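Put together the whole structure using the sequences plus the hints.
Number of protein chains: 4
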Amino acid sequence: MPKIQTKRKRVKFASDNVAGACPEVLEAIIKANEGDSTPYGNDPISKDLQDKFSEIFEKEVIVFPTASGTAANALALSTMTPSFGNIYCHRLSHINLDECGAPEFYTGGGKLVTLNGIMGKLTPEELDQSIGGKGIVHHTQPSSVSITQVCETGEVYQLDEIKKIAEITHKHNLNLHMDGARFANALVSLNASPAEMTWKSGVDVLSFGATKNGCFAAEAIVFFKKELVGNTAFLMKRAGHLLSKMRFVSAQLDGYLENNVWLKNAKHANDMGKKLSESLNQHKDIELVYPTEANEVFVKFPRHMIENLNSNGYEMNDEDFEGKTVRLVTAWNTQQKDIDHLLETIEKTN
Amino acid sequence: MPKIQTKRKRVKFASDNVAGACPEVLEAIIKANEGDSTPYGNDPISKDLQDKFSEIFEKEVIVFPTASGTAANALALSTMTPSFGNIYCHRLSHINLDECGAPEFYTGGGKLVTLNGIMGKLTPEELDQSIGGKGIVHHTQPSSVSITQVCETGEVYQLDEIKKIAEITHKHNLNLHMDGARFANALVSLNASPAEMTWKSGVDVLSFGATKNGCFAAEAIVFFKKELVGNTAFLMKRAGHLLSKMRFVSAQLDGYLENNVWLKNAKHANDMGKKLSESLNQHKDIELVYPTEANEVFVKFPRHMIENLNSNGYEMNDEDFEGKTVRLVTAWNTQQKDIDHLLETIEKTN
Amino acid sequence: MPKIQTKRKRVKFASDNVAGACPEVLEAIIKANEGDSTPYGNDPISKDLQDKFSEIFEKEVIVFPTASGTAANALALSTMTPSFGNIYCHRLSHINLDECGAPEFYTGGGKLVTLNGIMGKLTPEELDQSIGGKGIVHHTQPSSVSITQVCETGEVYQLDEIKKIAEITHKHNLNLHMDGARFANALVSLNASPAEMTWKSGVDVLSFGATKNGCFAAEAIVFFKKELVGNTAFLMKRAGHLLSKMRFVSAQLDGYLENNVWLKNAKHANDMGKKLSESLNQHKDIELVYPTEANEVFVKFPRHMIENLNSNGYEMNDEDFEGKTVRLVTAWNTQQKDIDHLLETIEKTN
Amino acid sequence: MPKIQTKRKRVKFASDNVAGACPEVLEAIIKANEGDSTPYGNDPISKDLQDKFSEIFEKEVIVFPTASGTAANALALSTMTPSFGNIYCHRLSHINLDECGAPEFYTGGGKLVTLNGIMGKLTPEELDQSIGGKGIVHHTQPSSVSITQVCETGEVYQLDEIKKIAEITHKHNLNLHMDGARFANALVSLNASPAEMTWKSGVDVLSFGATKNGCFAAEAIVFFKKELVGNTAFLMKRAGHLLSKMRFVSAQLDGYLENNVWLKNAKHANDMGKKLSESLNQHKDIELVYPTEANEVFVKFPRHMIENLNSNGYEMNDEDFEGKTVRLVTAWNTQQKDIDHLLETIEKTN
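Chains as they are written, first to last, in my numbering: chain A, 3 to 352; chain B, 3 to 352; chain C, 3 to 352; chain D, 3 to 352.
Simulated from the structure, these hints should not be mistaken for laboratory data. Be aware that one or more of the hints could be misleading.
Note that identical chains are pooled: a pair holds if it fits in a single copy or bridges any two copies.
Said to hold, decoys possible - Mimicking BS3-like on lysine-lysine, the simulated pairs with C-alpha atoms at most 30 Å apart in a straight line are: (1) 33 - 339; (2) 286 - 350; (3) 49 - 339; (4) 136 - 302; (5) 269 - 165; (6) 173 - 326; (7) 326 - 266; (8) 54 - 166; (9) 302 - 350; (10) 49 - 202; (11) 136 - 326; (12) 54 - 228; (13) 266 - 33; (14) 49 - 136; (15) 302 - 276; (16) 350 - 61; (17) 173 - 228; (18) 228 - 136; (19) 266 - 227; (20) 136 - 227; (21) 269 - 33; (22) 61 - 276; (23) 136 - 286.
Note that the coordinates shown come from a computational prediction; the quantities given were computed from them, not determined experimentally.
Here it is as C-alpha cells:
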C-alpha cells in the first residue's frame, strides 16, 4: 500500500492482527491445497462449514465466509438496513470509526446513529430513547442495532446485557448485529457457549472474527435469523468478496474450529492479557483505564515512558499522546518473554 | 456458500481457478508467517512489492494488492469513472457478465456500454463510433474503456491492437483499463514484455491477475498513470478489501513473481492448452470455435459426447448445451495425463 | 443553468416541452394558491388525486405526484429493481439515453440491458431470449422491463403488443414499467381506455406524464400492483422529490385531468402531428422515417433544407446532421399557422 | 401522497411552508407562460438569473435553480463531499434529521458527523476538536461543514460567528455550506447584505431558499467557489432535478428577487414573528425557549393549553408533547388577525 508510512519496529502488543496464523490453520491451508476443487465456495470444505457452524452454535445457521471483518460487518448490516435506514451503534464502534464508511457504502447510504453508552458498551435505556421517527417520511428509519463483542474498550458484554439490548432492539422491530471481531476472546472471558452469547441472547446476525485469533484472513457472517439472508450471496459477489478459490478461506475456518483451536488460542491471549494488565497495574505511574476483560489492555502512561518505549522500538501513539489512552493487545502467540521485555523497557525509563 | 449447488466430480479443465497454489507461492506464505508484522499493508513484504512491480514494468508504478479479481477490476474502474460515467467494454466481458454488477456498485452507478467487437475483442472503429454525448447533460458521460487480456474467447490482443484501442480511448480523453485476469498467459503468448503489453501500448491501469495462475487469492491493481490513483486507498478500505494481514496477499505475489514463477506457470498452462487444442481439433466430430492463443480452448462437442463426458464425472455445460460452446481451461498444474484421460473418455463415446 | 448554451430562436416543433401550461392547469394553480394548506402532500388536493386516478384507471391505484419524468421513471424502477438487478429496455429508450444514469442512481447501480427491438419497440421474442441467469450469483439478476409509450420513434405500442411483452415479463417473474411521458398521446392514438393501456394489458407501474401535454412540471407514479409501493415515500423524500408545497404539483394534475383537458390536449397535438406529417410527406425531397402515430414526426431533410431552416431561426440538428433523422414534435398549443410557417420556410429553400 | 394522514384544520403557524406563493411570484409564472421557450434551463429567464444572482451577491456566482430545498442541500453537499467523506453539522440540523438521508444518498454514503453546539448553533471550538483523522485510511475523511441560517432553533448566526466557523472549516481544508432555507429571514434579521452573510464571511456554497418565503417550489444552489461546481449539472439531471420546463422555477426566483419582494416578504414574516413572540412571552404560563430572531417562535405551553388549541383546530405537537417545545412559524402572509386568533384561543383555555 503506497500511501501509508510506518516506522514501527517492534509491533508486539500493537494489535492482535500483527500475529500470523497459528500452526493448525497453516496446516489446514496446506492440506486444502492438494488437488483441484470447485471454485466459488462450491468445494467440500466450504460446504462442510455450514454443518460445522450449525453444530457449534447448536442451531441450523447460514454461514458466508469472508476475507475481512469490515466486509463481514458491512455485508451483515446491509441485510438489515435499507439505504434510508438507521444503524444504532456506539460512537467508538469500529463500524463507525475504523471502516472508512463501509457500512454506508454497502447499505447505499445508511446512517450510523452514534450513542454514548457507558464506557464502551451501549445501554438499553439510551438505545430505547434514541429509536424514533418510525414511519415518518422525513426521518431515516430505525433498522438495526450493532454491538461489538469484545467491545472497543476491551470490555465484554455480559449475557444479560446482550439480552436487554436485544429486547429493546426487537421491541422496535429492528435486528441485532454483533461485531464479533474478538468473538472467541469474549466467549472464553464469559465462559459461555457460542449459542448463549448469540441467538439465545437475541443476536440475529454475527460477524464471526477469526483473523485476529490465528487465521490469515478469515471471518464469517453467521445468520441465526434465516429470513435476513436475502440477497447476501449476490451482494457479496458484487462487492468482490466471493473469492474464486474460496476453499482457502473455508479451510482456515475449518482448521481454526477443529479441536477447539480457536478457544485455546483465545484463552491463551486472554491469559496473557490478564498478566500484562496486572503487571502494568502494579506500576505506580501507570493507570489502567478500563477493566481488562479479554485480551486488550488500556492504560495511561506518563509521557516520558511512552517516549522511552518508542525510542526502544515500540510505537505507542505516534502523535499527540499526552493524556491519551494507549491500547496494548495480546494474541494467540504472545509469550511471557514479550511481556517481560515490555516491562523491562518500562523499568528502564528514568 | 449455502446457495450454490454442485455435482461436479472431475473439475479438471472446468477453469484454471480449480487449481490450488503452486509450491513457490505456498512457500512464500509459510515464510511470511514467521513472526509478527505491521498490519494493513505496512509490512516490509507489501512495501517491497512497489519496487518489484516497478522493476517488472520498467516504470515507477503504484500497486494495490487485492484478494479478488472482481475487486481489482471494480476498484480500478471506479478511479476512472464517475457515477454518471460510461465504461465501454465487450458485451461478453467478465465485468459485464460475471461480476454481478461490481463495476456499477463501486462506481456508484456507472453504465457499461457494451460493444459487439469481433469475436472476443473490441475493435477501434466500433469503439470510436460509440463514444459520444460528451458534455451534454442528458447523457451519461464517456469515461473509460476496459479490455480483457486474455479476452473472453481465449484470444490475445496483439500489441498493435491494444495500441489502436488506446489511441481511440485517449483521443476522447478517456482512460484505458486492462482486465488481466490471465495477464501472464497473454504475455507468454505474445512473447512481449510486461511494459510492452501495458503502458507502452497505452494501458493506464491494470488488473494484474495471479490467482488463476498459481496463487490462493492474490491480484493487484497497477497504476501506470499515477494521477488516477486518487482515493483508491480509501475506496479499498471502505469496500473491506484492505486486509489487516495484507502481508499474506503480498507474500503470494512475491513468491509468484520471484524467479519468474509466474511466467513458467503461464508457459506451462499455455503449452498444455495448445496440446489439448490440437488433440481435440484432430477429432472429426469436434469443432474448434476460437483460435487457442493461450490456455483456453473453446470447442463444440456433439451432444452425446458431452453426455458421455458428464456421465464420466466431467461437467460440461450443465444444461441446454446443444450448439453451445464448451470452454476447457488448462492451468499451471495441468498434466499430460489429464489431457490423455479426457481424450480417452471422449474416445469411449460411441 | 450555466453550462448549457443555446442559439435557438424558433423553438416550435423542437419538442413538446417548449410549450407552457394550458389555461386550465394555470387556473388550477391560481385556485390552489388561495389560503394555506398542509405541506408534503397532506393537503386535500393531493389526497383527492388518489381517488381521481383510481376512477380514471378503474382500479384502486396508489399515486405519487412528482415534478419530473426522470424522477418518476427512476423512482418507479427502483421499486422493482435491486442494486444488482437488470432492467430490460430498448437501446433508444429515454431511461437509457437521456436521463444521465438516473435509473442507475436510484436503483443503486442497476444494469440497463438494452435490446434492439424493431424500430422503437421491444419485441417479446428478443426480450424472452435476453432474460437469463436467474439465481446464478455471478450474474446481475433479471428484475424489470420498461417500455415507453409513445415510444422513442413516435410509434405507439398496440394493446396486444403490450400484452405480449407483459406476458414474457411475468413469465420470468419480473415487473413491467411503462414510461408514459406521452401517455395521453398514446391513449388518444389507440382510442383505448387508461385501464386497457395499462394494468389490463399487464403494466405494473406507470410513469404518467403530464408536463409535455399542458402542465408546468407534473408527472405521477401510478402503482397498479400495490405490493410494489414498498418504500417509495421514503425513497422520494430522500431524493428531494417530496416538495413541501406539493399541492401545486397536485393541482396541476387536478386541472389537467378535470373535464378531460388532458385528452383534448393530446388529441389536438396528435391531429397537428398528423397534419404536419402528411404535409411534409408530400414533399418530394423529404422522407418520413417512422410512421406518425401520435405527435412526433421523424423525417429526413436534405442538408441544404436543414441549413435553410436553421438560418431562418429553426434549429434542426445542431451538428453532423447529414443522413440523420430530425424529430418534429407538435404540442397542445401547436397551431395551423405554425405548420404553415414551417412549410413556407421549407418552400423557400432553393 | 398515500402514506401520510392529517387531521390538521388550522395550519396557520404550523410552518411557513403552509403559505402559498405571493402575488409577485404568481405574476411571474403567468408571464413566463406566454409563448414557447427552450427547455432544460436554456430559456432567457433562467439565463438571466445568473446575472441577477451575481448582482445581488456582488460577485460572479454560478446558480442552479431547483424545486426543493432537500435537493439543493444534498446536491450542494455532494459537490464537496466524497462517498467516504464527513459532513460536520449540528445534531438538530435539517440535513441530519429531516431529509430522510438525502445527503447520504447524493454523496453516495457520506457520513454526517453531528455536533451538539450551543442551542442551535455550531461552535468553532467543538468543530475544531471534531475534525480529525485526515489522510488515515481507516477513517472517513473530513470534507465539509454545513450550517443552517436561520438555524433550527430559530436563532440567526451573527456575521462573526459565520466567519469563525468558516475559519476553522478552511483551516482544515474543508468547504463551508450554508443551508439557507430561511436565508431572507436571516438577512433581514441581521440587516446584512447577501454578500456579507455568505462569501464575505467564508461561505463557499449556499442553498438559497425561496419556497417558504413566497414561492411555489423554488430554491437555488449558489456557488461562490466556482471550482466546486464540478459535475453539478450532471448530478442534478441524474437525480431528476433538471426540470424540462425549468423556466417556471426560474420565473419564480425572478419574481421573488425583483423589486426586493423577497426582503419585503421576510421583513413582514420577521415582524409578525416578533409580535407573536412578544405576545406569547407576556403570558405567565408560556415560556419562550429560544430567542426569536427571525420568524420562528419556540415556546413551551402547558399541556391543557395545547389540548385546547388542538381542540380548536390547531395542531400543536400531535403526540407526546409534555415538556416538548412547540414551534410556531410566521410567513409572508401572516396577518395580525391570525396572531389575534391564536391569542384569543389561548385565552379561552381555562
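Hints and how they fare:
1. In this assembly of identical chains, the alpha carbons of residue 33 and residue 339 lie at most 30 Å apart only when taken from different copies (23 Å versus 32 Å within one copy).
2. Proximity of residue 286 to residue 350 under the C-alpha cut-off of 30 Å is restricted to the intra-copy arrangement: shortest distance 14 Å within a copy versus 70 Å between copies.
3. Proximity of residue 49 to residue 339 under the C-alpha cut-off of 30 Å is restricted to the inter-copy arrangement: shortest distance 29 Å between copies versus 41 Å within a copy.
4. In this assembly of identical chains, residue 136 and residue 302 lie within 30 Å of each other by CA distance solely across copies; the values are 25 Å between and 42 Å within a copy.
5. Taking CA atoms no more than 30 Å apart as the test, residue 269 paired with residue 165 passes inside one copy only; the shortest distance there is 24 Å, against 56 Å between copies.
6. Taking identical chains as interchangeable, the C-alpha atoms of residue 173 and residue 326 lie at most 30 Å apart only when they sit on different chains, with a minimum of 24 Å there against 38 Å within one chain.
7. In this homomeric assembly, residue 326 and residue 266 never come within 30 Å of each other (Cα to Cα): the closest approach is 32 Å inside a single copy and 53 Å across copies.
8. Only within a single protomer do residue 54 and residue 166 lie at most 30 Å apart by alpha-carbon distance; the minimum there is 29 Å, versus 49 Å between protomers.
9. Taking the closest pair of Cα atoms, residue 302 and residue 350 come within 30 Å of each other only inside a single copy of the chain (17 Å); across copies the shortest separation is 63 Å, beyond that limit.
10. Taking the shortest Cα distances, residue 49 and residue 202 sit within 30 Å of each other inside one copy (25 Å), while across copies they are farther apart (45 Å).
11. With identical chains, the CA atoms of residue 136 and residue 326 are at most 30 Å apart between copies only, with a shortest distance of 18 Å across copies and 39 Å within one.
12. Within a single copy, residue 54 and residue 228 get their C-alpha atoms as close as 17 Å, which meets the 30 Å cut-off; across copies the closest is 42 Å, which misses it.
13. Taking the shortest alpha-carbon separations for residue 266 and residue 33, both the intra-copy value of 21 Å and the inter-copy value of 24 Å come in at or below 30 Å.
14. Taking CA atoms no more than 30 Å apart as the test, residue 49 paired with residue 136 passes between copies only; the shortest distance there is 22 Å, against 40 Å inside one copy.
15. Proximity of residue 302 and residue 276 under a CA criterion of 30 Å is satisfied intra-copy only: 16 Å inside one chain copy versus 53 Å between copies.
16. Proximity of residue 350 and residue 61 under a CA criterion of 30 Å is satisfied in neither setting, with 53 Å inside one chain copy and 47 Å between copies.
17. In the homo-oligomer, the alpha carbons of residue 173 and residue 228 lie at most 30 Å apart both inside one protomer (19 Å) and across protomers (28 Å), since each shortest distance falls under that limit.
18. With identical chains, the CA atoms of residue 228 and residue 136 are at most 30 Å apart both within one copy (24 Å) and between copies (21 Å).
19. Only within a single protomer do residue 266 and residue 227 lie at most 30 Å apart by alpha-carbon distance; the minimum there is 28 Å, versus 48 Å between protomers.
20. Proximity of residue 136 and residue 227 under a CA criterion of 30 Å is satisfied in both settings, with 22 Å inside one chain copy and 24 Å between copies.
21. With identical chains, the CA atoms of residue 269 and residue 33 are at most 30 Å apart both within one copy (26 Å) and between copies (26 Å).
22. Within a single copy, residue 61 and residue 276 get their C-alpha atoms no closer than 32 Å, and across copies no closer than 50 Å, so neither meets the 30 Å cut-off.
23. In this homomeric assembly, residue 136 and residue 286 never come within 30 Å of each other (Cα to Cα): the closest approach is 52 Å inside a single copy and 35 Å across copies.
Violation of the numbered hints given earlier is confined to hints 7, 16, 22 and 23; the remaining hints are satisfied by the structure.
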